[in-house]
Amino acid sequence: MSVTLPYFLGLSAMLFSIGVAGVITRRNAIVVFMCIELMLNSVNLSLIALSAALGDITGQVLVLFVMAVAAAEAAVGLAIVIALYRNRRTVNIDEINILKW
Amino acid sequence: MVVQRNPVMSAIYLIANFFSLATLYLLLRAQLLAILQILVYAGAIMVLVIFVIMLLNLGDEHALSERVNFRILIGVVLAFAFLMEMLFILTGLGGDIASRTMHPKAGEIGTVESMGTALFNTFLLPFEVTSLLLLTAIVGAVLLARKQSDT
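These protein sequences, in sequence, are chains C and S. Residue numbering for the first sequence is 1 to 101, as defined by this note's numbering. Residue numbering for the second sequence is 1 to 151, as defined by this note's numbering.
With the rest of the complex left out, here is chain C:
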């Protein structure tokens, strides 16, 4: 029995669900951030699996762009976390409600 495309897509779905569960349940902003990285990576996996199954390079190019966007998002997101921690002395996302009216 060989590993076919649905196995990769299923693993990708599981990783994405773990990321969703982490984003919903965790209160630490940095852990939420890492869960978003996990979700991006699961989508990368399904893109590469489909790209290999279809013999089309577009999926892999898209994964490259997702990686670039993830790097940019990591830099800006962590800078926001540092700025928030400097102002509010917390990274608990329940206590960060300055954008809420």
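Because the hints were derived from the structure by calculation, they are not lab data. Computed from a predicted structure; not experimentally measured. Idealized CB from N, CA, C, for every residue including glycine. Among the clues, some could well be false.
[Said to hold, decoys possible] Using C-beta positions, here's what the derived DEER-type ranges look like:
{"no.": "1", "chain 1": "C", "residue 1": "Ile98", "chain 2": "S", "residue 2": "Val77", "range": "24 to 32 Å"}
{"no.": "2", "chain 1": "S", "residue 1": "Gly43", "chain 2": "C", "residue 2": "Ala83", "range": "31 to 39 Å"}
{"no.": "3", "chain 1": "C", "residue 1": "Asn87", "chain 2": "S", "residue 2": "Glu113", "range": "44 to 52 Å"}
{"no.": "4", "chain 1": "C", "residue 1": "Glu95", "chain 2": "S", "residue 2": "Ile35", "range": "13 to 21 Å"}
{"no.": "5", "chain 1": "S", "residue 1": "Thr117", "chain 2": "C", "residue 2": "Gly10", "range": "30 to 38 Å"}
{"no.": "6", "chain 1": "S", "residue 1": "Leu26", "chain 2": "C", "residue 2": "Glu95", "range": "40 to 48 Å"}
{"no.": "7", "chain 1": "C", "residue 1": "Thr58", "chain 2": "S", "residue 2": "Val139", "range": "25 to 33 Å"}
{"no.": "8", "chain 1": "C", "residue 1": "Phe65", "chain 2": "S", "residue 2": "Gly140", "range": "17 to 25 Å"}
{"no.": "9", "chain 1": "C", "residue 1": "Val43", "chain 2": "S", "residue 2": "Thr111", "range": "37 to 45 Å"}
{"no.": "10", "chain 1": "C", "residue 1": "Tyr7", "chain 2": "S", "residue 2": "Asn57", "range": "25 to 33 Å"}
{"no.": "11", "chain 1": "S", "residue 1": "Val47", "chain 2": "C", "residue 2": "Tyr7", "range": "26 to 34 Å"}
{"no.": "12", "chain 1": "C", "residue 1": "Ile98", "chain 2": "S", "residue 2": "Phe88", "range": "17 to 25 Å"}
{"no.": "13", "chain 1": "C", "residue 1": "Ile98", "chain 2": "S", "residue 2": "Leu90", "range": "40 to 48 Å"}
We have chain C already, so just place chain S on it with the hints.
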């Protein structure tokens, strides 16, 4: 990694996850992306994350109240329902693509040569816009993380 109380431990588990995904990319013949996965994610992004964790001194998370049991229950149930929906869609995946792992051409498209050819011919404009995005991210990160007093 989600259930760890210590953010450093979940970061280490996430790095292990990235390495596993890199081996899966190698199995799918995407050599360039496997190397980039280790370099960019495990090498750059996670170093940044761990650096911020150390900088903010968040080693002990006990002060952070994570004991909202009702919300955790709801979140896990929602994520599980989401997973079941996606797996249900996957079981309906028919045709010859469901029984296929690799296109016969799959070994050729993951190399650095073919990726570079695609990036600099078909996807030239998005590739250049990506550099602009990264430049914007650098400027934004420096601006946000700087001390507010010297503006």
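Hint check:
In this structure, Ile98/C and Val77/S meet the distance hint of 24 to 32 Å, their C-beta atoms being roughly 30 Å apart. Between Gly43/S and Ala83/C the C-beta distance comes to about 25 Å, which lies outside the given range of 31 to 39 Å. Between Asn87/C and Glu113/S the beta carbon distance is about 49 Å. The supplied range of 44 to 52 Å therefore holds. Taken as a hint, the range 13 to 21 Å is violated for the pair Glu95/C and Ile35/S, whose Cβ atoms sit roughly 40 Å apart.
Range check, Thr117/S to Gly10/C: about 32 Å between beta-carbon atoms, so the 30 to 38 Å window is met. In this structure the supplied range 40 to 48 Å holds for Leu26/S paired with Glu95/C, their Cβ-Cβ distance being about 43 Å. Restraint check, Thr58/C to Val139/S: a C-beta distance of roughly 30 Å satisfies the suggested window 25 to 33 Å. Distance hint for Phe65/C and Gly140/S: a CB-CB separation of about 19 Å, consistent with the stated range 17 to 25 Å.
A C-beta distance of roughly 23 Å is found between Val43/C and Thr111/S, which places it outside the suggested range of 37 to 45 Å. In this structure the supplied range 25 to 33 Å is violated for Tyr7/C paired with Asn57/S, their Cβ-Cβ distance being about 42 Å. For the hinted restraint 26 to 34 Å between Val47/S and Tyr7/C, the CB-CB distance of approximately 31 Å keeps it satisfied. For Ile98/C and Phe88/S, the Cβ-Cβ distance of about 40 Å falls outside the hinted range of 17 to 25 Å, so the restraint is violated.
Distance hint check for Ile98/C and Leu90/S: the Cβ-Cβ separation is about 41 Å, which falls inside the suggested range of 40 to 48 Å.
In summary, the structure is inconsistent with hints 2, 4, 9, 10 and 12 from the numbered list given earlier, while agreeing with the others.
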